[in-house]
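J.: Read top to bottom, the protein sequences are chains E and Z. If you want this note's numbering, it's the 1-based position in the first sequence plus 272. If you want this note's numbering, it's the 1-based position in the second sequence plus 64.
None of these hints come from the bench; they were simulated from the model. Careful: at least some of the hints might be erroneous.
Unchecked claim - Think about it this way: if two alpha-carbon atoms lie no more than 30 Å apart in a straight line, the pair counts; the simulated DSSO-like pairs of lysine-lysine are:
no. : chain 1 : residue 1 : chain 2 : residue 2
1   : Z       : LYS78     : E       : LYS355
2   : E       : LYS526    : E       : LYS621
3   : E       : LYS595    : Z       : LYS255
4   : Z       : LYS151    : E       : LYS274
5   : E       : LYS686    : Z       : LYS151
6   : E       : LYS445    : E       : LYS461
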Amino acid sequence: MKHRYLPMTEQDQQEMLKVIGVSSVDELFADIPEKVRFKGEYHIKPAKSESALLKELTQLAKQNANSDEYISFLGAGVYDHYKPVIVDHVISRSEFYTAYTPYQPEISQGELQAIFEFQTMIAELTGMDLANSSMYDGGTALAEAGMLAAGQTRRKKILVSEAIHPISQDVVKTYAYGQSIDIVNVPLKDGVTDLEALNTLIDKETAAVMVQYPNFYGQIENVQAVSDAIHAVKGLSIVSANPLALAILTPPGKMGADITVGDAQPFGIPESFGGPHCGYFATTSKLMRKVPGRLVGETVDEEGRRGYVLTLQAREQHIRREKATSNICSNQALNALAASVAMTALGKKGVQEMAKQNILKTHYAKTAFEKAGFKVPFQGAHFNEIVVKVDGSVEAVNNTLFEKGIIGGFDLGKVSPELQGHILIAVTEQRTKEEIDALVQEMGALQHA
Amino acid sequence: MHKENQPLVFELSKEGRVGYSLSELDVPEVELSSILPTEFIRQEEAELPELSELDIMRHYTALSRRNHGVDSGFYPLGSCTMKYNPKINESVARFPGFANIHPLQDEKTVQGALALMYDLQQQLVEITGMDEVTLQPAAGAHGEWTALRMIRAFHEANGDYQRTKVIVPDSAHGTNPASASVAGFNIVTVKSDENGLVDLEDLRKVVGSDTAALMLTNPNTLGLFEEHILEIAEIIHGVGGKVYYDGANLNAVMSKVRPGDMGFDCVHLNLHKTFTGPHGGGGPGSGPVGVKTDMIPFLPKPVLVKTADGYHFDGDRPQSIGRVKPYYGNFGINVRAYTYIRSMGPDGLKAVTENAVINANYMMRRLQPYYELPYDRHCKHEFVLSGSRQKKLGVRTLDIAKRLLDFGYHPPTTYFPLNVEEGLMIEPTETESKETLDAFCDAMIQIAKEAEETPEIVQEAPHTTVIKRLDETRAARHPVLRYVKPTETAEI
Ligand SMILES: Cc1ncc(COP(=O)(O)O)c(C=O)c1O
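Assemble the whole structure, with the sequences as input and the hints as a guide.
T.: What follows is the structure, given as structure tokens:
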């Protein structure tokens, strides 16, 4: 077998088997019970040459409508944003992407320092004291926050706003079941968490309240009121936040959040059909020793030079084993690096400018839809998404838009029976005024047809 | 490597510099305060750095030069399968039709992506000998937990609520007990016998009607094949439990034996290990789970199905444990794994395992005269040495690991598994040449000699790295987890 990834020659093999003291490769597998030994080769497709495979997979990729070729107004948790080109050049440096977890700090200072910088940037944006070095995604980060809260408060009930992304709610439920935690939904009023209902649901058994900021319907929640309500019973305020929005929105850390989680996908990470993205987990100093996942800390070497190490590892599975409160090991390190590079490239001013463009373009779209006679049911403050009511089915609207080269919004009827015929439109900085106008016009033409 | 410290990116920042290029706003500018209530408007700016593009590139290039990856040099980190990360994978994952597609797009518009996922699932079914595979879990530990949640659902569906215990060998990876605990189980540890294998006597003692599952990796973390695997499976199945396969070590047995044929009921794979993920500095990974027929109803939703008119997600699975991850898993990593499998083919994957096992056995025999080999039998893809001889000379495994840095190597995994004193767990992988293995063995032999003749050279290592040993106690006692801009008063 000659293959470009396999350097062992016939001669190598003979010499090595001799040193091992066996006459055939098979002897090395003789301890596998004969009865179950696999004979022959897998029934999988035969190997393809590099260029033949490239050709085949290029064709396969072409069968997917992508946001380079289509104009996308689809968001609902994953967004088509400006990705500074430099991001991909940095993460393509193989010293980063072919390394693993930085267990040996002396030869991993690059990764460790980059993560330390990531932790700092996330802490800055969220207004929290500290952040870890990434979670799988925003959904599992939220679930982990719930488990932390239940453990910390020794309570088994968590209130989850119905305006949290339905898919994240599903993930939270799956985790909660494993820990015998009860999930109780908090209903909505005008597209935001109903604070009155929240107050009646909160009791001394409540470990935490979870809200999303901006929420699934694009609306901005009153996090301060939610935090005050849960703090009154000594529970934790958990916020799932879009980190880009935090460039111009008051950060959860300034509104009483005990844990802020979310996904850094808006910062330089491709949509990639939903993953890999980059969950983040930020919290207060008080909860530092309960944080799941890896933390990088600053220290000094024997000669007093500043350096970075994985720290507070006593929290983690490889030390605490069954007493660990989280099992996460490999995380999303390379995407945390990507997000760091994007946050650095955008910088202090760029994140604000980009966030502001999102909000202003969405505001423009909202006004344009209303002018064209569409109903926009939720009139509260928004970030980069709005809900629009259409006549008839959203599916039909989206099908027509697709023919015009537009990927339409998310069909809310799929997650909420009351919102049949409503579409969630995302307008990022990537969308031009002409594209927004075209969207409104095409949708308008359909309504009056 | 660079010796000077690289400043933090924040320390390189200068007000007024930019590293981005956004289009001009083309809609009417309105005051934020006219559309956002003031309490929602951020008052203090987030302190992100301000650098030009070249300065950013130099910063990260400098950091990369202070980092060791597989492309930099040998990386025999046991249990992690640090094999070569093929470059074609990186190209394919970046095709716009894979990278820039949205998970909530109409299924009709992403049939190519779904076809790839479906085909990958089929190939993994064949490779593992299981009946169905889900690609949803994000990494190995996530796959473990997913499978354990399914095992719990399976037992509960049978009215078996008393199965609260998961059995884990003392040699198991830390994620195994942690995942079982997060899934709501109590953990029972089973001992290893004098051959480094699961102690069957001890196993028989701990099983019972409360056994939910046994978690096992085979070969185990010592790199030894659990040759009594059929008996082990029988013992667990005999009391109604499930047998779980931690696929972190699949590189050792591809085309030689399949988990599904050895009696395992479910398995997770680490696509970032066996199937060239890459490792990314600690992720992202991908941890698909395969199951036998009786557990299919419990797979996470939605399940990808193929019908006459194409591929679809089926969310109508009443017994499913639910979603374990938003969307459909780490698709970008799955694309890379798929590309790898298609690059290797059936004969290639067989050669992968054979060469990985030859490499490990070869190194083990070359090093055996110089280091204690606690379990002297053929290993699979990795082997574990003990630094106990050197410890008597005052040189610890930690020192040996640090000394290896001076030779330009990433050290083996140390102090794991827990049942070996001063363990050094070495996994060469199949992509390393004999010359590389020989050079590494020569270094290890030299270090063994140094331990006898000039132990201080080893004890004081590393000597050539950008930084010396770091004070980990200080890091944990006085945690500094983020940069804080010095205030003017602090500077005085
Ligand atoms: C034997 C074993 N099991 C499980 C895991 C966990 O995998 P992951 O880090 O992908 O969560 C690892 C890897 O670190 C491992 O070596």
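J.: Tell me, which hint numbers fail for this structure?
T.: 5
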